[in-house]
Structures are given as C-alpha cells and as structure tokens.
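In order, the protein sequence lines correspond to chains A and B. Sequential numbering of the first sequence, starting at 1, is according to the working numbering. Sequential numbering of the second sequence, starting at 403, is according to the working numbering.
Calculated from the structure, these hints are not laboratory results. Cβ atoms here follow ideal geometry from the backbone N, Cα and C, with glycine treated the same way. Fair warning: there could be bad hints in the mix.
Stated by the list, open to error - Far from chain B by the CB rule (all over 10 Å, computed), these chain A residues:
hint: 1; residue: Arg8
hint: 2; residue: Asp31
hint: 3; residue: His32
hint: 4; residue: Asp34
hint: 5; residue: Glu68
hint: 6; residue: Ala119
hint: 7; residue: Val173
hint: 8; residue: Gly183
hint: 9; residue: Val192
hint: 10; residue: Gln245
hint: 11; residue: Met274
hint: 12; residue: Asn293
hint: 13; residue: Thr299
hint: 14; residue: Ala308
hint: 15; residue: Ser316
hint: 16; residue: Arg317
To be verified - Some chain A residues near chain B, calculated using beta-carbon distances under 7 Å:
hint: 17; residue: Trp277
hint: 18; residue: Asn280
hint: 19; residue: Trp297
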Amino acid sequence: MNFTISKRARTLSMALVVLGALATVAGVIGDHSDHHQRTWSALLVNGFFFLGIGLGALFFYALQNATETAWSVLVKRVYEGIMAWIPVGAIVMIVVLAAGSLHLHHIYHWMDASLYDKASPNYDEIMAGKKAFLNQPFFWIRSLVYLGTFVLFARWFRKKSLEMDGLTGESLVRTHLLTYRRGALFLVFFAVFSSTLAWDWLMSIDAHWFSTLYGWYVFSGMWVSAMVTGVVMVLYLKRKGYLPQVSNSHIHDMGKWVFAISFLWTYLYFSQFMLIWYSNIPEEVTYFQQRINDHPWLTWTTFAINFALPMVLLMSRDAKRNPRFLIGVGAAIFIGHWLDVNMMVMPGAAGHDFHHGIGLLDAGMFTLFLGLFITVVFNALAKAPLTPVNHPFLEESVHHQI
Amino acid sequence: MANKVIYAVYDDPEQLKDGARKLVSGGLKVKDVYSPFPVHGIDPIIGITRTRLGIVSFMFGITGAALAVLGIWYFNIFDWPMNIGGKPSFHYYQNVPSFIPVTFEFTVLCAAHGMALTYLIRNKTLPGMPARNPDPRTTDDKFIIEVRTADNHGRSTQEIEGLLQGTGMVEFNERAC
C-alpha cells in the first residue's frame, strides 16, 4: 500500500514551515551579535542535528544490511525516507561552512589566517601546530568527501531497495547479497567519517580543546535521534492505517533501540565528562565550565531528558509496547538531543550571545527545519510502497515475534 | 482412582504444539512441556504466564546500587575522606562522578548474579540438585507434553490419548504418581 500524505499532515508541516520562518525572521532581526554570529550558530545547530538524523538512519540501514537482520525489513522504507533528508542537510552544512570560509561568521576561529602568521599579534602557537590538519583546503576536501559519500550511499541503497521490489528468485538474492556487502563497506567508511566529521564541524569550534571521545559521543547522539525519529514515524504511519504487518514486536524492538542507544549516549557523555572532571587540566576543563557553569539549567535538563527519562520510562516491556507512551517519550528525547547539539555548538560558537540560552531564534529555526524535514521525508515515503514488495527476509520479518 | 501422570512423546516441536493446542481446546490443563531447546510460541498455548524475572533483576539492581552508595559513602567519605584529585571530599555529592563507575558495576553484578541464582533456585536446577526430567531423551531429540490427571478431574487417560490421536504423537506413556 502506498503512503499518501493526508491533507492535515500537509497543512501541519506547511504551518510549521511558515511559523518557523516567521519566528526565525523575528529572531534574526533581534540578533545584534557581531556578524550575526548567533544566527549562523543556530543554522549550524539545526543543520547538523537534522543531517545527523539522516546519517543515523543511513548508518542503521547499513547495519541492518551488513548483519542481514530480518525483523527490520518491514520498516526499512521508513529509514529510506529519513535518509532522503541527507542531500538537503548536506546543502545546509555546505552553506554554513562556506560562510565560515568567506568570513561571514567566525564560528570556526581557526579559519582566521592571521593565527598562523608569526609576524601577526594574533599568532597562536597551538593553532599553528594543528595546521597540518586544520587548514581550509584539507577541511573542504574532507567535508565534501564525507557529504559525497553519504549522499551516494544513501541514493544507492534506495535505488537497490526499489529495484528489489521487482525481482524474484536468484536475482533477488544476488541483489540482496550486494546490499549486504555495500552495507558492510559503508560501515567501514562511517566508522572513520562519523568521528572525523565531528572533529571538523563541531569540535573545531573550540579549536584549542580536544577530546578523544568526542566523535563517539556525537555519533551516539545522531544514532539515538535517528532511532527516535524512526519509531515515531512508524507509530504515526500505523495510526494512519499503514504498515498493517508491523506488530507490537517490531515496535518493541524499535523501542529497545531507543532505550539502548540512550544509554550508549549517556555512557559516552559521562565518560568524557568524568575523565576531564577527574584530571582537572585547565585547557580541558574550560569546555565544561563554559557549559555547566554558564548554563547549568540547560546542561542538566539535557542530561535528565536524554538519560533519566528513557531509563525510568522505557525500562519496562509494557512501556515499549505502548504507542502513545512511546511517542511522548520519543518526542521528549528528540528535543533533548536537539538541546544537546545546542550545548555542543552554542557556548563555543556564540559565546556571550548565547547568554540567555535557547530563544525565539532557536525555537523558530527548529520549527522551520522540522517542517521541512517532515515534508521531505513524507514525500520520499509516498514515492514507493511502504512495505517492501520483495525481500529475502520479508516473510521472516512479518512473522517476527518476541 | 489413582492419579496418573501422562507423557505424550513427539519427534517434532510443531506437532507437539498441535497436540498441546488440541488438549487445551479440549479443556485440559497441560502441566508442562519438556524439550531439548526452547519451543517458540509454546508459552501462550499451555498458558504459561510471563516471567517475573525482570522484576527480580530490577530489585537486585536497586539493592546493588543502594549497597554501593552506602559502602562508598562509608569507606571514602565518612570513615576516611579519600583525596580524589585534590577535590573537596566532605560530602558524597562532591566526589560523586568518580563513584558512578563502581556504583554501576556493583549494580550490574548484583542484578546479574541475583537473577541467575533466582532462576536456578526457582527451576530447582542449582548444581547438585536431582534432575526432575521425566525422560532423558528430551535432552536429545524428543519433545514431551506432561499432563496430570490430578489437574484434570474426571478425564480418563483413554480420553486424553484419544484427543492426541493423529497429532504425530510417537509414544503415549502413563505412570502412577
């Protein structure tokens, strides 16, 4: 059965876009920061957060292919839909990074050429030492390679998935084995890129500071955001009468992913924090001072939503099988990880301009991006049968029972 | 009439499920099923309620976490304030980040061991306990449905055997109990 976007959903996502755009414009007018640094930072936050959802979905999809997982075959189209955001997110990232290169904003302090000039009063020995990695040509090569790889893999997976709908027998199995190998190949790329993209796009905001755990921490945030988006999307589609074969067992498994990856995130977040807190080295600890001391409420709210909430509310089996409950908790975690990306970017990128925390500009831009995201994903979902027509594991997935 | 225990022996788990379904739909209570591996979907057929092992594990975990917090507070704060990176150590909360890993590990230790021990005790399968398996072949390639006439008053063994006819049963054994 094909998905048709209901009139109400269309109006609602349109309303989100319009409302968000209005609030964003109002926020930009009220933004008196130098070079509109605050606005650019908000664009980076939302650009990265939503691209991260797409990447998390792509990673999960490749993981399902590489491990030949059967149960998730019934919902694979939903992840393909989420992956459709990747090209849009990539464009937003390129805009933000290009604006940095053109010195329209100074989120990336290290892009200032005078830091590397020994004659300049701005000369920064530490930054000069990092020049072999953090220089504009290499940065752009890396950024374009990441985005290109993600877009190509996402398109390829989607193409093969649609192709499999028309295949049977031997050729179906052959195509399946091809996606299995490509899935494994993608994981190899993603293992490296998920870390290096976090260094390049987020960690280099605080260019003096570094953390070896940072890449994994960012990656776990992307992953759990994608898992939440996936399960909420499936529950929405089920409520609308689509995906009739998706049972409580599938929902339960998707809920488990949300629960488990929330813990992965907590584990990495806390490990990074504890080691820095424990050793208390000035150049490391400033990162957390900028966050915990300057924004205690935001820090602890983020931590509570992303850790305590799923732990307490999603532990029991009944909770993970209750659609209403799962949608509620999922929406909260979604916001929680958006706040987390704010905490990664804002204190370093906007500094004093983030003094008042989340404001109209951030909320408006989030709403705008959410509306666009829903529109793009729904349009992608409507283009193909929601339930895959042919897949070697389709039958097994239909009978999935736990 | 002396109470009897009946063992219906099967070669195949699917046929066993058919047999169990027939018995239950005939109003009989199945005592248990013995199999060499977990038979998927047998629990709802013979009316086994959901395991409470998860709740037990949770309680052991809470106990472990509480014991860990209590112990750490006593050893490292109250009895002998431990110097951790030169940070103040007058109160538990001042050093709590360094206590989290130990608390977590102790929680997992208690939850896992408590759950495993509870499982073995409830099943009466602690090492050294006598095996209660009615037929050693169920650890190899046979599947057995156990029905007790004591649970099913007024039903004769002949009637039960009749119900199971044609379900692929390979043996029908009865024993006094």
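Hints and how they fare:
At roughly 38 Å, the least C-beta separation between Arg8 (chain A) and chain B is larger than 10 Å, which holds for a residue marked as non-interface. Once the 10 Å rule is applied to beta carbons, Asp31 (chain A) is consistent with being away from chain B; the minimum gap is 36 Å. His32 (chain A), annotated as away from the interface, keeps every beta carbon of chain B farther than 10 Å; the closest lies near 38 Å. Every Cβ of chain B is farther than 10 Å from the Cβ of Asp34 (chain A); the closest lies at roughly 36 Å, confirming the non-interface assignment.
Against chain B, the non-interface label of Glu68 (chain A) holds: every CB pair exceeds 10 Å, the least being about 20 Å. The non-interface label for Ala119 (chain A) is consistent with chain B: the shortest C-beta to C-beta separation is roughly 41 Å, beyond 10 Å. Taking the minimum C-beta to C-beta distance to chain B, about 25 Å, the non-interface status of Val173 (chain A) holds against the 10 Å cut. Distance check on Gly183 (chain A): its Cβ is at least 27 Å (rounded) from any Cβ of chain B, clearing the 10 Å threshold; non-interface status holds.
Interface exclusion of Val192 (chain A) from chain B stands, the closest Cβ pair being 28 Å apart, more than 10 Å. Against chain B, the non-interface label of Gln245 (chain A) holds: every CB pair exceeds 10 Å, the least being about 17 Å. With a least beta-carbon separation of about 5 Å from chain B, Met274 (chain A) fails to lie farther than 10 Å from that chain, contradicting its non-interface assignment. Annotated as non-interface, Asn293 (chain A) keeps its C-beta farther than 10 Å from every C-beta of chain B; the closest such distance is 15 Å.
Every beta carbon of chain B lies more than 10 Å from that of Thr299 (chain A), the smallest distance being close to 14 Å; the non-interface claim holds. Listed as a non-interface residue, Ala308 (chain A) keeps its Cβ farther than 10 Å from every Cβ of chain B; the least gap is roughly 14 Å. The beta carbon of Ser316 (chain A) is not kept farther than 10 Å from every beta carbon of chain B, the shortest such distance being approximately 8 Å. Chain B draws Arg317 (chain A) into its interface by the beta-carbon criterion, the shortest separation being 7 Å against a cut-off of 10 Å.
Evaluation of the Trp277 (chain A) hint against chain B yields a held restraint, the C-beta minimum of about 5 Å falling below 7 Å. About 6 Å separates the beta-carbon of Asn280 (chain A) from the nearest beta-carbon of chain B, less than 7 Å, and the hint is met. Contact between Trp297 (chain A) and chain B, as hinted, is not supported at the beta carbon level, the nearest pair being about 18 Å apart and thus beyond 7 Å.
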